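*Asks:* Sequence:
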Amino acid sequence: MEKDFWDRFLTLEKENHFFDLQDKYGTYYWDILRYEVCPKLLWKIASSSLKNRSFKYITTRIFSTLYEPFRLFFFSPKKENLFYLSSRNKVNGKLIDQNAKSVYDLFPEQNNLVIETFDNHNYLKNSYFLPQSLFRRLFKKGKNTDFSFLMKILESEFGRLPFNEAFLQEKLSNYYADIYFFSNLFRKKKIKRVFLTQNGIQKGLMRAAKNLNIPVFEFQHGIVDFGHLAYNYSKMDYKEGQVTLSDTIFSFSPFWFKELYLPNVKIVPIGNDYFYNPLAQIIDDIDNYVAKGILIISSNVFGKELSDFILKIDKKYLENIPIYFKLHPNQFFEKEYYTKKLSSIKNIKIITNEQSVGELLKICSTMLAIQSTAIYEALQANRKVILLKKNSYLRHKHVFDKKNLHLVDTVDDFISALTTEIVIDPSAVFFAPFDKEAFLNVL
223 MEKDFWDRFL TLEKENHFFD LQDKYGTYYW DILRYEVCPK LLWKIASSSL
273 KNRSFKYITT RIFSTLYEPF RLFFFSPKKE NLFYLSSRNK VNGKLIDQNA
323 KSVYDLFPEQ NNLVIETFDN HNYLKNSYFL PQSLFRRLFK KGKNTDFSFL
373 MKILESEFGR LPFNEAFLQE KLSNYYADIY FFSNLFRKKK IKRVFLTQNG
423 IQKGLMRAAK NLNIPVFEFQ HGIVDFGHLA YNYSKMDYKE GQVTLSDTIF
473 SFSPFWFKEL YLPNVKIVPI GNDYFYNPLA QIIDDIDNYV AKGILIISSN
523 VFGKELSDFI LKIDKKYLEN IPIYFKLHPN QFFEKEYYTK KLSSIKNIKI
573 ITNEQSVGEL LKICSTMLAI QSTAIYEALQ ANRKVILLKK NSYLRHKHVF
623 DKKNLHLVDT VDDFISALTT EIVIDPSAVF FAPFDKEAFL NVL
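Our numbering applies: residue 223 is where the sequence shown begins, and numbers increase by one.
Mixed in with the good hints, there may be bad ones.
[As the list claims (entries may be wrong)] Here are the computed distance ranges between Cβ atoms for each label pair:
| id | residue 1 | residue 2 | range |
| --- | --- | --- | --- |
| 1 | 612 | 459 | 26 to 32 Å |
| 2 | 574 | 502 | 34 to 40 Å |
| 3 | 503 | 362 | 48 to 54 Å |
| 4 | 412 | 362 | 42 to 48 Å |
| 5 | 629 | 316 | 46 to 52 Å |
| 6 | 296 | 342 | 16 to 22 Å |
| 7 | 581 | 341 | 30 to 36 Å |
| 8 | 456 | 569 | 43 to 49 Å |
Bear in mind the hints are in silico, worked out from the structure with no lab data behind them.
In this text, all values refer to a predicted model and were calculated from it rather than measured experimentally.
Even for Gly, the Cβ is constructed at its ideal location relative to N, Cα and C.
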């Protein structure tokens, strides 16, 4: 089971003193690599097989890689705040970072410098798309690091590895490139604080900020549990430089982070209106939301499993029920693939960011998923959650006791769960409203 995998992983890194490993420059590199290594070991993922990019995308990306750092360094004024965002949800036709928006709106726009990591758009002023990319391509530091010792131990524990030393060398080189880029950016623009939504892992940005005594404030952006290595560390004493983390993490509510160890990180629940407001609207007016749709929450890892499962269900059980197959932002490019695959189900609709989970929960009474932050949204909205016992479903073990959550193995289990009554569960609270005062107190 996956929980066993994480226990093995944490034990392995502790017993073999991975955090003591250094490169020739004296950098402790395991904290930089562990987040990248773990999902590949768990899923045995070598690379994405479905992701194809158009010629237009490639040429635009090349132009952006060359132009964005030049525009940023030479044609932008000094700023107090850097907002490092992942804007991937649409509100009123514009992409926003749902985790950072409430805080971003508190500051005058002229005080903010924005780096976008999900999409190349300019909805916000002073916005730049991944300007560090050019530096990552040019940097060579770290690309000759010998990882043979690390590779040998990992292979002895987990078998044949789905990556090679070049993969690790690239990640370490990117870390050095990011330190160089952000150190110069912070100095030149006189940045005083960094607000961050992690998209992947941003260790180089954090290290650059720490070296210059710039505080880093991070927004919770999804599930945080034993299976998320950006937020799961063994309880032990760490040397200076072995672990690089944000100074403060703003959480969705007090529910989160309680069982995790993050050395020298302050957790402050400030809530999140993007998640909370739609759920509060449903709860306050629950009798008027006569919903009967089924919302399926996909991802690049679970999409195939979920689509295969829904295709096994006899169509008579799904007749006259609107079904929404919601793609994760990292698989929006797969919309055509799933549209074709699920075309035999006439009442299904493939959704990217046309509608948010909160909006879909107003018209759906049931959610089918394996692992997702959306599960907590559904439970708080008093919707039925059917959790397929596949892959990493155990990451939701801390809510298995919730009244509207049903664990299923088979199609028969699913059909049985589909007919159960929904009950009001006041204990299912995972998202709080934005607390402006709590945020300002931290600053």
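*Asks:* Please go over all the hints and tell whether each is borne out by the structure.
*Replies:* Hint check results:
1. 612 <-> 459: 26 to 32 Å: Given a distance of about 38 Å, which is not inside 26 to 32 Å, the answer is violated.
2. 574 <-> 502: 34 to 40 Å: Violated: the Cβ-Cβ distance is about 25 Å, outside 34 to 40 Å.
3. 503 <-> 362: 48 to 54 Å: holds (53 Å)
4. 412 <-> 362: 42 to 48 Å: violated (29 Å)
5. 629 <-> 316: 46 to 52 Å: violated (38 Å)
6. 296 <-> 342: 16 to 22 Å: This hint holds: roughly 19 Å between Cβ atoms.
7. 581 <-> 341: 30 to 36 Å: violated (20 Å)
8. 456 <-> 569: 43 to 49 Å: holds (48 Å)
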